[in-house]
Every structure is written in structure tokens, then in C-alpha cells.
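Protein chains: 2
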Amino acid sequence: MSLASDAALPPDAADRPIGVFDSGVGGLTVLHELLVQLPHEDFVYLADTARFPYGPRSAEELQRFSLEIAEHLLTRRIKLLVVACNSASAAAAPALRERMMQTTLGVDVIGVVAPAAVHAVAATRNGKVGLLATDVTVRSGAYEEAITAIDPHVELTSVPCHDLAELIQLGFPASQELVDTVRGYCAPLREAGVDTVVLGSTHYPLVRPVIQRTLGRDVGLITSGIPLSRQVDHVLGSRGLGSAREGEGTYRFLCTGDVERFRATGTRFLQMPLTEVEHVTLPAGAQVGA
Amino acid sequence: MSLASDAALPPDAADRPIGVFDSGVGGLTVLHELLVQLPHEDFVYLADTARFPYGPRSAEELQRFSLEIAEHLLTRRIKLLVVACNSASAAAAPALRERMMQTTLGVDVIGVVAPAAVHAVAATRNGKVGLLATDVTVRSGAYEEAITAIDPHVELTSVPCHDLAELIQLGFPASQELVDTVRGYCAPLREAGVDTVVLGSTHYPLVRPVIQRTLGRDVGLITSGIPLSRQVDHVLGSRGLGSAREGEGTYRFLCTGDVERFRATGTRFLQMPLTEVEHVTLPAGAQVGA
Chain D
60 MSLASDAALP PDAADRPIGV FDSGVGGLTV LHELLVQLPH EDFVYLADTA
110 RFPYGPRSAE ELQRFSLEIA EHLLTRRIKL LVVACNSASA AAAPALRERM
160 MQTTLGVDVI GVVAPAAVHA VAATRNGKVG LLATDVTVRS GAYEEAITAI
210 DPHVELTSVP CHDLAELIQL GFPASQELVD TVRGYCAPLR EAGVDTVVLG
260 STHYPLVRPV IQRTLGRDVG LITSGIPLSR QVDHVLGSRG LGSAREGEGT
310 YRFLCTGDVE RFRATGTRFL QMPLTEVEHV TLPAGAQVGA
Chain R
60 MSLASDAALP PDAADRPIGV FDSGVGGLTV LHELLVQLPH EDFVYLADTA
110 RFPYGPRSAE ELQRFSLEIA EHLLTRRIKL LVVACNSASA AAAPALRERM
160 MQTTLGVDVI GVVAPAAVHA VAATRNGKVG LLATDVTVRS GAYEEAITAI
210 DPHVELTSVP CHDLAELIQL GFPASQELVD TVRGYCAPLR EAGVDTVVLG
260 STHYPLVRPV IQRTLGRDVG LITSGIPLSR QVDHVLGSRG LGSAREGEGT
310 YRFLCTGDVE RFRATGTRFL QMPLTEVEHV TLPAGAQVGA
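Protein sequences appear in the order of chains D and R. Heads up: take any position in the first sequence, counting from 1, add 59, and you land on my numbering. Heads up: take any position in the second sequence, counting from 1, add 59, and you land on my numbering.
Isolated chain D (complex conformation) (with noise of 0.2 Å):
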């Protein structure tokens, strides 16, 4: 167990829970790798089901939602904040850093976008990346950005998915349409002879198999979710709020949409059972707290 680093911390600090959100059920596979490897802690998931799908939204619009559930995560006394959404990451991390410096624990601020980046960094051999994701993930260029400043020598190549998240959201049992869609995305990247490719949204894990098959099992995916849950990892222990806990921790759920239809489409993202889920409003329910 680490020791406290910081002398004002509060006495329960470690023991709160870390808040994860998302535009919807995508961020789940984020969360399933963070109950995986953190098993001792405890989570609080807010979907902003009501306003889904981030994607065609402005950046301006996802910093204002950002900071409104930020707000309310900090209500339920949270002690490290995951964005798990890659379009919220790219427009809204620096906003959302600046606003949790201020709150009495200084709450960290973790987005997808940055470890995934350092993983393909890390992982390519021949220097050429490929990165899937939504437009909005590939206009805002933040993988490009994120990866140029790690190794400016490393080749991205970009592929705006349209439609595959919604296709994935949409598609089970997995189609023969979604299986040629994959292959029509994947067709610039083994032109560009990638080694290693980026699944920029946390909705393509739940397609991994088809991908791998796609681009073949020399091409190495990265996800988020593994490298992201190191990083809160040392965080965590770095700032001396790891739990303390020897049993499994908690996981709850909170939704601005409709209850029943996240439950139904969840679990499938979580791969676990879904607990308790509990309705939102937003920003009315927001309250300034921690």
C-alpha cells in the first residue's frame, strides 16, 4: 500500500469511488477493464444516455456537458475522474483539469485518448499507426497531437468510422454488413501497411474479433481500457488513494436517459452483471460539491 503524499487529503479520500463517464453504454468496456484490474475499488458510472451520441456535437457543447456531470460526479464525492469517451476526451480534458484542480482534493483528470496513444507508440515496430475512430475523434486530431509529441517520426493514419459505432450499438448478432463495413475501414490501413492500429472508440472492442481477423494477427490493437487503468493505477498510488479494501469493490451505474434500455444494452458492453442503475438530471440534479 502506498502512503499518503499529500498531508491535506482528507481521512476518507482513498475510500471514495472513482467516477467514469460517458455518452452512453461505449465507456462500459472502459469501466470492465477498470473492474478487472482494480478489482478492490469502487465505481461510479454516469451514461449521458439523453444526450447521446456525442459525436456530432461541437466542442464548445461537450465542454459544457463534461463539466455539468464532472459537477455531479464531484456531488458523489468521487476521488479521480475518468472521461471514458474519446470525443469528450478530445474536446473537453483540458477544461475538465482545470475545474477538478480547484475542488479540496485536487481530483485527476484521465482520458482515453493519451494512453492509448503512448501503447501504439510503444507497440509499432515499423513506425506506421493506424488509428478507427469517429469523425468528430479524427477531426479533433487529438490522436495525432497526442502521438506526434510522444514520437514525432511515427506515421498515423487516420480512418473516420461513420457509421461502425452505431452499426455496433445496433448490431447484434453481429452481421455480414458490419463484418464488410469492418473490412471497407480497415482496407486504407493495410494499403498503408500499419503494424499497429488504435480502436478510437470505446465502442470497436466489442468488434475486436472481426478486426484482428480483418487486418490479420501480425497488426496489434490497442484499446484503451488496459493502459488507462494502469495510469489510475499510479495515480492512485502515486497520491496515496488507493483502496485499502481486501474484497471486490462496488460498481454503480447512473443514467440521464432511459433506465431500462441502458440496463438492456449494457451489459453486453460490461460483460458483467449491471447493478443498480439510478436516473440523472442534467444540470438540473448538478450541484457544486467535494
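In case anyone wonders, no lab produced these hints; they're calculated from the structure. It is possible that some hints are incorrect.
Since the list gives no way to pick one copy over another, a pair counts as held whenever it fits inside one copy or between any two copies.
Stated by the list, open to error - Derived pair list, reagent style SDA-like, types lysine to any residue, alpha-carbon separation capped at 25 Å:
1. Lys187 with Gly306
2. Lys187 with Arg320
3. Lys187 with Arg276
4. Lys187 with Glu305
5. Lys187 with His338
6. Lys187 with Ser302
7. Lys187 with Val294
8. Lys187 with Gln96
9. Lys187 with Pro219
10. Lys187 with His99
11. Lys187 with Pro98
12. Lys187 with Met160
13. Lys187 with Pro268
14. Lys187 with Glu307
Following the hints, position chain R against chain D.
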């Protein structure tokens, strides 16, 4: 591409499909890895759902069933046979090998037990390996035998999981009952201090995250899929039987029970679209072939 090492190989041998069988949908988790790892090969999967489950059957029955299935798959001109079922691998692999060596091609038989055992011995650092499997697989002693043959110093802790495969087949979305059941079966493994656990049923990969969360992230989980795929790849390569195709191969299904039910349950296990499913009758439909 490897060169043919056998002068007697029929000219179309490398173009033939790989046969895979199981008592039902569980083996689709093995087919899943084969499709990802060997994208250029054709596959034909036979599900003996009319006689599912194999667990309570005697070794003699499983030998008879396996030989009937093998005869049928020979009429489909398979070039290699994968036994994607722990019970059938444990009970019938020697009898199948003997029969298959009589074919013109000398069809190789690869079961799930040996690749998982090798992988577990290679993975353990403290020499303590756990096994979660059905009663019949634990009773057969096949894993113990395979592991001891490789390294007699490895200590195996086996847990028969009476109802886990059934719970997984029924239990979607994952229920709290399933989580509690997994926790119960994992308790003796935690107590024994194993650092590596074999998921000795092809159903268990579907609850891998629940098992990983229960055991903690420092315990390595071994499934047959990837090591078995590698072994298939090596055997095909060494015999000059690997497909020379550039694009993706095909896969199709044979089923002795209800076709629609197989299709409905199967997609969840395959994580890819289920294509053509054909009904077959065993043993009546079986002919001596190849």
C-alpha cells in the same frame, strides 16, 4: 509458404477445410480464435447438439460419438481435425488419432487439453496451477496427466465446476448468481496460491472477466484457443497443408439438433456472424470417406 513434405498428398489437399467439433456451442470460442489466427483457412464446424451435454456420458460413448463425427467430417474432405471439447479430447483423442491415420491424407487430430497444459506450464512462475473444468474432465485426469508429463514438479489444484457451463449457456445477461458461483469455485484456487489457471471448458472464456476480477489481475488465465491455433498452424505448415489463399477463408456449420437454436445461442460464443447452418443426422449420415 511451406512446401509439401509428403509426396503422396492429393493435389487439392491444402485447399481442403479444417474440421472442428464439439457437443454444442462451447467449441465456438475455439473456432473464434482459429478464425482470428488463421484467417486464410476454410473451416467446417460440427455441433453435436442432439446429444449435448457430453459431460454426463461415459468415455466409451464419447469415443463412439467422436468417431461418428470424424467419419462424417471425412465426407466433407477435411485436412485436419480439431476436437474443440475438453470431455471428447480427454476421452477420445487416441481413438480418433488411430482412425485418422488410416485415411489417405493421414489427417492429424488436435485436441484442447495438450495445448492448454503446455501453455499453463510455460506460464506459471510459482509452479502452482489451477484448473476449472467440468466434473467429467476433472475426473478423467487428462490435465493432470498432460501437465505432469511436461513438468512433474508443477502442482495442480483442480476444481470441478458442476453447473458453471450450464449457467453460462443460460445466463445472459450475466447474473449475480453467476458471479457468486464463479467466486465459490475460485475460492480453493485463491487458497492454494496458484498464479495460473486453466479455463478447462470451452464455455468459460465467456466469463473470463468475472474470473479475472475474482482471482485478481496477477493470476494468468489460460484458454485453449490461442495455443491450439498455433499448434494447428505449425502442423499445417510442417505438412505443407496451409492454405495459399490471400483473402479470408469461409466457415460453415453442421448441427445434429435444432438449427435455429444453435444459431441463436452460437453468435454469443463465436462473436462473429454465424453463416450457413446445415442439419445433419448421426450416425445415419456418416460414410467412410477421404
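Hint check results:
1. Lys187 with Gly306: Between copies only: 22 Å across, 42 Å inside.
2. Lys187 with Arg320: For Lys187 and Arg320, neither the intra-copy (40 Å) nor the inter-copy (44 Å) Cα distance is at most 25 Å.
3. Lys187 with Arg276: within (16 Å within a copy, 31 Å between copies)
4. Lys187 with Glu305: Close across copies (22 Å), not inside one copy (43 Å); limit 25 Å.
5. Lys187 with His338: The answer is neither: 44 Å in one copy and 46 Å across copies each exceed 25 Å.
6. Lys187 with Ser302: Classified as neither: same-chain Cα gap 39 Å, cross-chain 28 Å, threshold 25 Å.
7. Lys187 with Val294: neither (30 Å within a copy, 32 Å between copies)
8. Lys187 with Gln96: between (29 Å within a copy, 22 Å between copies)
9. Lys187 with Pro219: within (17 Å within a copy, 47 Å between copies)
10. Lys187 with His99: For Lys187 and His99, the Cα distance is within 25 Å only across copies (24 Å; inside one copy 37 Å).
11. Lys187 with Pro98: Intra 35 Å, inter 22 Å, cutoff 25 Å: inter-copy only.
12. Lys187 with Met160: neither (36 Å within a copy, 46 Å between copies)
13. Lys187 with Pro268: The answer is within: 21 Å in one copy meets 25 Å, while 31 Å across copies does not.
14. Lys187 with Glu307: between (40 Å within a copy, 23 Å between copies)
Of the hints listed earlier, those the structure fails to meet are numbers 2, 5, 6, 7, 12, in rising order.
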